[in-house]
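Trainee: Those protein sequence lines, which keep their order, are chains R and Y. Under this note's numbering, the first residue of the first sequence is numbered 5, with each subsequent residue one higher. Under this note's numbering, the first residue of the second sequence is numbered 5, with each subsequent residue one higher.
Honestly, the hints are just simulated from the structure, not real lab data. It is possible that some hints are incorrect.
Within a straight-line C-alpha distance of at most 30 Å, the following computed DSBU-like cross-link-like pairs (lysine-lysine) qualify [as the list claims (entries may be wrong)]:
#, chain 1, residue 1, chain 2, residue 2
1, R, 154, R, 191
2, Y, 191, R, 189
3, Y, 189, R, 191
4, Y, 93, R, 189
5, Y, 176, R, 154
6, Y, 325, Y, 190
7, R, 190, Y, 176
8, Y, 190, R, 229
9, Y, 229, Y, 154
10, R, 191, Y, 191
11, R, 229, R, 93
12, Y, 190, Y, 176
13, R, 229, Y, 176
14, Y, 189, R, 229
15, R, 191, Y, 325
16, R, 189, Y, 325
17, Y, 93, R, 244
18, Y, 191, R, 190
19, Y, 176, R, 176
Read off the chains here:
2 protein chains.
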Amino acid sequence: MIINVLIMKYRLIFILSATLITGGLCTGQSDKPEIREDFIPSTLNQPGQEYPQVNSQGYARFRIVAPEAQSVVVSLGPGGTRGGTPLTKADDGSWTGTTAGPLEEGFHYYHLTVDGGVFNDPGTLNFYGSVRWESGIEIPAHDQDFYALKDVPHGRVQQILFPSASTTTSRKAFVYTPPDYDREKKKRYPVLYLQHGWGEDETAWTNQGRANLIMDNLIATGGAKPFIIVMTYGMTNEVKRGGLRNFDVTPFQTVLVNELIPYIDANFRTVADQPYRAMAGLSMGGMETKTITLARPDVFSHYALLSGGIYAPEDIKDKSKVRLIFLSCGSFENPGGITSAAAALKEAGINAVSYVSENTRHEFQTWRRSLYELAPLLFVK
Amino acid sequence: MIINVLIMKYRLIFILSATLITGGLCTGQSDKPEIREDFIPSTLNQPGQEYPQVNSQGYARFRIVAPEAQSVVVSLGPGGTRGGTPLTKADDGSWTGTTAGPLEEGFHYYHLTVDGGVFNDPGTLNFYGSVRWESGIEIPAHDQDFYALKDVPHGRVQQILFPSASTTTSRKAFVYTPPDYDREKKKRYPVLYLQHGWGEDETAWTNQGRANLIMDNLIATGGAKPFIIVMTYGMTNEVKRGGLRNFDVTPFQTVLVNELIPYIDANFRTVADQPYRAMAGLSMGGMETKTITLARPDVFSHYALLSGGIYAPEDIKDKSKVRLIFLSCGSFENPGGITSAAAALKEAGINAVSYVSENTRHEFQTWRRSLYELAPLLFVK
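Same shape as in the complex, but just chain R:
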């Protein structure tokens, strides 16, 4: 019975999802909800920029000035980035257009194609994804409060340069320290090593993910124990999309385990011990997390894969070393795989938790929510 309901539910989501992907193509004009004219500038616009705009239904509207252009297309459309939005030229030389349907809640990457060339929207801030700085837009979400900038004590995001003998350079990392870090001069903190996905870098989790604000808000309400978060470049971008199977994680594992972790433990007030060290990653960063945590169970005790695969019970050689396995994804991804994997791990006596983000796909809203669900579970046992 419950299974039937679940199947029904996922069928419904599948239909919903398919509808969103095909957008207005299948539905007659009369079926389409009227577009509410309450558009406001996206919160990720550059200062003073009026476009792109978003409305309360999740539609996005674009305006690009390019008087002599022959064609301007926005890569973003309903159903993630699968459908584009062609813009239409107005008499004043500007190009405007509205998405064919509402976009999913949260952050989306996009770019323009102007006369066959790929450029960013000059109206928005840029975010590193797809191995380039892309335009970004923020669709208001029903739960956006958890990653909002609020009047609570704020932690810091610090850029460090740590020496890396294995790559013969100084490497960049960002370190989030919780709000009480500079007041509680004697306190030592657990550490979460948090990885971005393919095509991204160490800026992704704060810029796109708002990880620092999520933590500030959680800590302010007692929803999570304060801990340090370390974000560095996972060296994933040398890999072409689809060629992940040939990716060798060893050089990154060396940087992370032999160079970054000792630097962090030497320069921050950490609890430099396996039970107080977690690793999490999204997408390809999840693949890295899985490989490295399994290779070095002596280093990490809490593992989290966000839209980044699963652990099977037989992957875990010594269950006593694992304090938590967290698996998550968006409901438009493969939620069944996540929940059944967590169930199998639990069955095998491992503390496993699964989380499915409703109505999101392989995008940052899934991962913001995943961090929000994961953080309260870290370092509590």
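Dock chain Y against chain R, hints included.
Mentor: Quick look at chain Y alone, frame taken from chain R:
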């Protein structure tokens, strides 16, 4: 005699400058030095991007893919950004072009005009200037070692969010702490409040200015005393270019003096005392520095204007409160004004120093060098 030599020197620079501005237009083809084909990607390119490129003479070469475009022009040309560089379409749909002459050493902002629309070069990183994120290119400089990333102990750049009652929000600032800050747990440090120019924000001094690397390198060789640098948004961008006379600095002065400084003194190990507090600013940030230091001589003791005007002796009400006045600009700006103002201040018994950056104009190479000259003079008396 010395004055004559100086006049000769500035005449020569003027002629040189004029030649650079007019570029190849006035000189016959035969007079033009041959362009050396040793182009390499600019150091500010996005990962893996081959263009734009620079050569050992300071020429820049651009390549943009936009097969259907009618016209692609780069805003950058010899003589700062005064002359543009139109690109020419090749058979493969790409547009390429080389500047008509060498560019000055250091960092330059630029953008593209594609069929009448303003876009960034997808090959480069973006830098906030002119109230937008612009493309950036780095022309190799004979003295680039002082701002290079080297194998020395590195300080940290920390993003803080400080409460601002006067603007009813949390405001962002970046704080540079010197390399020994986290080792010397008892040590307290002087603080330099360092302001960007019009159209820029709190990211400029580290991204474009490389302030953290300049300090790391200076401290490594004992060239400067370690101090903290605080960089926040000077609220200058609401002002239209040229409308500076109507700018009211009071709201920013409130944020800086009543909100940011107390926050920094409460949360960092500062020497919270006037003799250990400096303020410096470039361009419009210099205007802010001048106004605020004169309004609040009880707060700052070291003042520096980088391409940002001068102090007259009569501006200083209480000479005993001023430990240093530093005035600088590029040799293609108004060096005479800077040097004579410093001479007049010295004559009046004030410790004043002037610095002129050779062969640079109102751009970041002038300000990088100015910080490099200023830092050793701070907090030494």
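Trainee: All hints, please: hold or fail.
Mentor: Each hint tested on the structure:
{"no.": "1", "hint": "R/154 <-> R/191", "result": "holds, 25 Å"}
{"no.": "2", "hint": "Y/191 <-> R/189", "result": "holds, 14 Å"}
{"no.": "3", "hint": "Y/189 <-> R/191", "result": "holds, 14 Å"}
{"no.": "4", "hint": "Y/93 <-> R/189", "result": "violated, 61 Å"}
{"no.": "5", "hint": "Y/176 <-> R/154", "result": "holds, 13 Å"}
{"no.": "6", "hint": "Y/325 <-> Y/190", "result": "holds, 28 Å"}
{"no.": "7", "hint": "R/190 <-> Y/176", "result": "holds, 27 Å"}
{"no.": "8", "hint": "Y/190 <-> R/229", "result": "holds, 27 Å"}
{"no.": "9", "hint": "Y/229 <-> Y/154", "result": "holds, 19 Å"}
{"no.": "10", "hint": "R/191 <-> Y/191", "result": "holds, 19 Å"}
{"no.": "11", "hint": "R/229 <-> R/93", "result": "violated, 53 Å"}
{"no.": "12", "hint": "Y/190 <-> Y/176", "result": "holds, 26 Å"}
{"no.": "13", "hint": "R/229 <-> Y/176", "result": "holds, 24 Å"}
{"no.": "14", "hint": "Y/189 <-> R/229", "result": "holds, 25 Å"}
{"no.": "15", "hint": "R/191 <-> Y/325", "result": "violated, 40 Å"}
{"no.": "16", "hint": "R/189 <-> Y/325", "result": "violated, 34 Å"}
{"no.": "17", "hint": "Y/93 <-> R/244", "result": "holds, 29 Å"}
{"no.": "18", "hint": "Y/191 <-> R/190", "result": "holds, 16 Å"}
{"no.": "19", "hint": "Y/176 <-> R/176", "result": "holds, 21 Å"}
Hints 4, 11, 15, 16, counting from the list given before, are not met by this structure.
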